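Asker: Listed here are the chains, written in short residue letters.
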Amino acid sequence: MSFPIMTCIVFLPLAGGLLILFTPKKNVGLIKTIATAATGAALILSVVLLFNFDYAKSSIQFEECLRWIPSINISYHLGVDGISIGLVFLTTLLSFLACIGSYDIDIRQKEYFFLYLLLSTGMLGTFVALDLVLFYVLWEIVLVPMYFLIGIWGGPRKEYAAIKFFIYTLAGSIFMLLGILAFYFTSTPHTFSILELGQTTGALSLSMQIIIFIAFYLGFAVKVPVFPFHTWLPDAHVEAPTPISVLLAGVLLKMGGYGFLRISFPLLKDAAHYFALPFAILGVVNIVYGAIVAMAQTDFKKMVAYSSVSHMGFVMIGLASMSVTGVNGALLQMFNHGIITGGMFFLVGVLYVRAHTRDLNKFGGLGVKMPVYAGLLIVFSLASLGLPGLSGFISEFMSLLGSYAEFQLTTIISVLGIVITAGYFLYMLQRVLLGPLNEKLAGFSDMSKREIFVLLPLMIIVILIGVYPLAALKYQMATIEAFIQKIGGGVF
Amino acid sequence: MNIVESIRFVMPEIILLVSAIIILVSSLFIRNKNALGIFALSAIVAASLYLPQSHKTDTVLFFNMLTSDSFSLFFKEISLFVAGIVILLSMGYKELTEKYIGEYYFLLLNGTIAMMLAVSSNNLLMIYLSLEMISLISYLLVAFLKNNTLSSEAGLKYFLFGALSTGIMLYGISLIYGLFGTTDLSIISNAVNAGQINGLVLLLLLLMILAGLSFKCALVPFHMWTPDVYQGAPTAVTAFISVGPKAVGFAVLLRIFTNNFFPLYANWVGLMTLISIFTMTVGNIIAISQTNIKRMLAYSSIAQAGYMLIGLVVGTASGMEGILYYILAYVLMNLGAFGCVIIVSNSIKSDAIEDYAGLHKKDPITSFMLSIFLLSLVGVPPLAGFWGKFLVFTAAIQSKFILLAIAGVLNSVVAAYYYMRVIKYMYLEEPKMKDISPKSAPLQIAVAILMAGVLIAGLYLTPFLNWIRNSQSFLSQ
Numbered sequence: 109m110s111f112p113i114m115t116c117i118v119f120l121p122l123a124g125g126l127l128i129l130f131t132p133k134k135n136v137g138l139i140k141t142i143a144t145a146a147t148g149a150a151l152i153l154s155v156v157l158l159f160n161f162d163y164a165k166s167s168i169q170f171e172e173c174l175r176w177i178p179s180i181n182i183s184y185h186l187g188v189d190g191i192s193i194g195l196v197f198l199t200t201l202l203s204f205l206a207c208i209g210s211y212d213i214d215i216r217q218k219e220y221f222f223l224y225l226l227l228s229t230g231m232l233g234t235f236v237a238l239d240l241v242l243f244y245v246l247w248e249i250v251l252v253p254m255y256f257l258i259g260i261w262g263g264p265r266k267e268y269a270a271i272k273f274f275i276y277t278l279a280g281s282i283f284m285l286l287g288i289l290a291f292y293f294t295s296t297p298h299t300f301s302i303l304e305l306g307q308t309t310g311a312l313s314l315s316m317q318i319i320i321f322i323a324f325y326l327g328f329a330v331k332v333p334v335f336p337f338h339t340w341l342p343d344a345h346v347e348a349p350t351p352i353s354v355l356l357a358g359v360l361l362k363m364g365g366y367g368f369l370r371i372s373f374p375l376l377k378d379a380a381h382y383f384a385l386p387f388a389i390l391g392v393v394n395i396v397y398g399a400i401v402a403m404a405q406t407d408f409k410k411m412v413a414y415s416s417v418s419h420m421g422f423v424m425i426g427l428a429s430m431s432v433t434g435v436n437g438a439l440l441q442m443f444n445h446g447i448i449t450g451g452m453f454f455l456v457g458v459l460y461v462r463a464h465t466r467d468l469n470k471f472g473g474l475g476v477k478m479p480v481y482a483g484l485l486i487v488f489s490l491a492s493l494g495l496p497g498l499s500g501f502i503s504e505f506m507s508l509l510g511s512y513a514e515f516q517l518t519t520i521i522s523v524l525g526i527v528i529t530a531g532y533f534l535y536m537l538q539r540v541l542l543g544p545l546n547e548k549l550a551g552f553s554d555m556s557k558r559e560i561f562v563l564l565p566l567m568i569i570v571i572l573i574g575v576y577p578l579a580a581l582k583y584q585m586a587t588i589e590a591f592i593q594k595i596g597g598g599v600f
Numbered sequence: 021m022n023i024v025e026s027i028r029f030v031m032p033e034i035i036l037l038v039s040a041i042i043i044l045v046s047s048l049f050i051r052n053k054n055a056l057g058i059f060a061l062s063a064i065v066a067a068s069l070y071l072p073q074s075h076k077t078d079t080v081l082f083f084n085m086l087t088s089d090s091f092s093l094f095f096k097e098i099s100l101f102v103a104g105i106v107i108l109l110s111m112g113y114k115e116l117t118e119k120y121i122g123e124y125y126f127l128l129l130n131g132t133i134a135m136m137l138a139v140s141s142n143n144l145l146m147i148y149l150s151l152e153m154i155s156l157i158s159y160l161l162v163a164f165l166k167n168n169t170l171s172s173e174a175g176l177k178y179f180l181f182g183a184l185s186t187g188i189m190l191y192g193i194s195l196i197y198g199l200f201g202t203t204d205l206s207i208i209s210n211a212v213n214a215g216q217i218n219g220l221v222l223l224l225l226l227l228m229i230l231a232g233l234s235f236k237c238a239l240v241p242f243h244m245w246t247p248d249v250y251q252g253a254p255t256a257v258t259a260f261i262s263v264g265p266k267a268v269g270f271a272v273l274l275r276i277f278t279n280n281f282f283p284l285y286a287n288w289v290g291l292m293t294l295i296s297i298f299t300m301t302v303g304n305i306i307a308i309s310q311t312n313i314k315r316m317l318a319y320s321s322i323a324q325a326g327y328m329l330i331g332l333v334v335g336t337a338s339g340m341e342g343i344l345y346y347i348l349a350y351v352l353m354n355l356g357a358f359g360c361v362i363i364v365s366n367s368i369k370s371d372a373i374e375d376y377a378g379l380h381k382k383d384p385i386t387s388f389m390l391s392i393f394l395l396s397l398v399g400v401p402p403l404a405g406f407w408g409k410f411l412v413f414t415a416a417i418q419s420k421f422i423l424l425a426i427a428g429v430l431n432s433v434v435a436a437y438y439y440m441r442v443i444k445y446m447y448l449e450e451p452k453m454k455d456i457s458p459k460s461a462p463l464q465i466a467v468a469i470l471m472a473g474v475l476i477a478g479l480y481l482t483p484f485l486n487w488i489r490n491s492q493s494f495l496s497q
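Protein chains in written order, with this note's numbering: chain L, 109 to 600; chain F, 21 to 497.
Pulled out of the complex, with its shape left as it was, chain L reads as follows:
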């Protein structure tokens, strides 16, 4: 057997976490080093993966398959294709950067980094698992560390936010479990393997597909989050410590979108066609509603949180179009949103560490005091509002383009969201950077080297994809084309 690179990527963080358990509590430096090394090693391996990935192939690569529970056909089955490779890279990158961003954590570091690494393993595993039960197990593993990370290191209403997150996601995913079981019993031979289920796709009756689709939808929609399942998100994002907000927005939300792409659409294609319009409409509601609510926020972090709701709407409409362009756009939008919003949350954190407030009305004139910060904030905001030349534009445009071919009216309405998005981002920039300098903020220092180091790679990616989108698209195009062919969507 060749080098099990997938297993290493997934379980390196956990191995680091177990090592931390045996490190003395007082030795914070060592704990941080282990955590950074573990996430760093996973990042390096995922870069190796990127270089060795054959993007002309649409099938699963780097497959690893072992029998786990043979009597009910559950296997330990990992692998990547064009859909997951970008997300794996995104997860390892953000895990590594947020780990460095976590150096500020000043209480209970040992527990923090252990839970953090456990979270990393859960997230990575979700993206590469090819067995439904394994997928579910890893998906659920994410919940527990997240509960603690929000609940212990969070803001004033952390307990409420943590349990709300936990109950919401558990409620959604437990229906997904029923869906998984339904898959198992409706397939012949009974199997949990996503690949095998994909080969027999279409064998199910439409009514059965619809039932299973709804069960999975509840699980994924809570994570995305799709309106009206989104109410946990602002609470969780606002209360979570900065690095955890980064992972929540950057990676956790993608788990839902990824679920649609990996399971709901390819395995239940008739139901997917059946639900395409409501799916798109909910996506539009996400875009417009998220943007309007973001506009009204005075809390910086809450604004970014609602902007996530809005941006994830583009993923939904891109998926609903079931066209090559739309789905490519949706997948790229997930990646881009992870990078951009991850960066935005870091930037909010930078300000919060200095001001201990996130009230947008209490800032002002920081452009003079913190020029580097101002520059980065402007780049990420512009990327977020979809300025051409930066990555957000590419994916939003592709999603809209693909969507327009199918649903003109909804697409037209969703463009409205872009206008509002531009509005609230510019309004935010105005309140934070421009105007007279607030006296209380006079003593602020500009960003430290560590903070810049965290944000720089993200900014490079934002600009790179904005200028040369093929750098990211080439990994996913072949897979998406095969995907569309399989589910019988438009070629556009």
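None of these hints come from the bench; they were simulated from the model.
Note that this is a predicted model, so its numbers are computed, not measured.
Please note that a few of the clues may not be correct.
Result set (DSS-like, lysine-lysine): computed pairs, CA atoms no more than 27 Å apart in a straight line [as the list claims (entries may be wrong)]: (1) L:Lys134 x F:Lys382; (2) L:Lys218 x F:Lys459; (3) F:Lys114 x L:Lys134; (4) F:Lys381 x F:Lys114; (5) F:Lys452 x L:Lys218; (6) F:Lys382 x L:Lys218; (7) L:Lys133 x F:Lys381; (8) L:Lys134 x F:Lys166; (9) L:Lys133 x L:Lys218; (10) F:Lys114 x L:Lys218; (11) L:Lys272 x F:Lys454; (12) L:Lys140 x F:Lys114; (13) F:Lys381 x L:Lys272; (14) L:Lys133 x F:Lys454; (15) L:Lys165 x L:Lys477; (16) L:Lys140 x F:Lys381.
Let chain L serve as the given structure and place chain F on it in line with the hints.
Answerer: This is chain F only, laid out in the frame that chain L set:
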């Protein structure tokens, strides 16, 4: 098989009985909790060595009073395991003074014998007798702290409820005897299969038997005794009655309903579905508002019984496997949770959930382990409790009991709230308690074994599944 030959099949019970008597007598001279405990433990180990090695025996003993089949073997193994762990827990439980410790172990070993007899009886009278023996011993154990009013009250309540429900059961058995002229289950089951008896009459009788068993398993509406008894009893005894009699109750339930009265399946399935849904819902909803961890675990154990019942309702081979695996997982995680409760109450002398605030600072290992046990009770993968739920839900979906499965999953979400509440107090709150006193070794060993069990049964199920598959012989695939 004649009586003399039969005796070698009850060697484990004989070993336990002899050891129990030795303990009782020697406690006149030795009143050392640990010494007697270790002796009781070695009796358990010796008894388990004398269990039949093969799962494939199917022998009738003592004029068909007892059978020795793979199903009873599974539950005998569980019973011995439970007894062993409870002895370890008792050795570390401070409330139990050394004054009556000999009597305590004597009762515990006898309770184990009763459990082993109950799971292997094939005769309604024998079932009644052994269940009654478990009950009487449980009453005594619950009221063991006789200077503690809560404990005495619990004992009395337990006794009153138990007397009522076993009375109903005995009445049902007497009517069955009137109908069939025998209490031998295999003869009765042949008559039922032949369809000689009016189904409705039989169903009525089954209901009466169900009353007695529901009491043992704490199923709604025979669950009312649980919270008071769990709270009042010495915690080690609570741990014992929350898993031991419950597992036995399920064993008997499975034997009677799926083995002997399976032809009546269509008649009892509706009722059982209702009982299952009510049991989990009532347990979970009342558990939310509990402030005492023992009461909370009492309601949680009611709810857990509701999930297990799904496996019985489904009535298929995979349902049976699910229920057996669930019982196994439940034994591990519930004993573990109570073990941690004992560790904590030894130090802080309280069972209030609020007093668990900040436990992680004072005792990180115990709070970590309690969290694992509670998360397993929630059903978070990859812990043993998850697979229990997974297997019963699998069975439900397979047989198209969709509503039951949905009721089950919704209930697990509700349940998550109150289990997480304990975790919230332990990790998210600041400590108010004083420092934790040193822990006793037997207690730590017991909890460590259970913890390893929860993790291994969660990550590497194959051997456990094979064990269970060999143990359920009633229903074919």
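Asker: Hint by hint, say whether it matches the structure.
Answerer: These are the hints, each one checked on the structure:
1. L:Lys134 x F:Lys382: Holds. L:Lys134 to F:Lys382 sits at ~16 Å (cutoff 27 Å).
2. L:Lys218 x F:Lys459: Holds - the C-alpha atoms of F:Lys459 and L:Lys218 are around 24 Å apart, at most 27 Å.
3. F:Lys114 x L:Lys134: violated (33 Å)
4. F:Lys381 x F:Lys114: holds (23 Å)
5. F:Lys452 x L:Lys218: Holds - the C-alpha atoms of L:Lys218 and F:Lys452 are around 22 Å apart, at most 27 Å.
6. F:Lys382 x L:Lys218: Within the cut-off at roughly 15 Å; holds.
7. L:Lys133 x F:Lys381: Roughly 12 Å between the alpha carbons, so the hint for L:Lys133 and F:Lys381 holds.
8. L:Lys134 x F:Lys166: violated (47 Å)
9. L:Lys133 x L:Lys218: Holds. L:Lys133 to L:Lys218 sits at ~6 Å (cutoff 27 Å).
10. F:Lys114 x L:Lys218: violated (32 Å)
11. L:Lys272 x F:Lys454: violated (31 Å)
12. L:Lys140 x F:Lys114: violated (41 Å)
13. F:Lys381 x L:Lys272: Within the cut-off at roughly 25 Å; holds.
14. L:Lys133 x F:Lys454: holds (21 Å)
15. L:Lys165 x L:Lys477: violated (50 Å)
16. L:Lys140 x F:Lys381: Holds, at roughly 21 Å.
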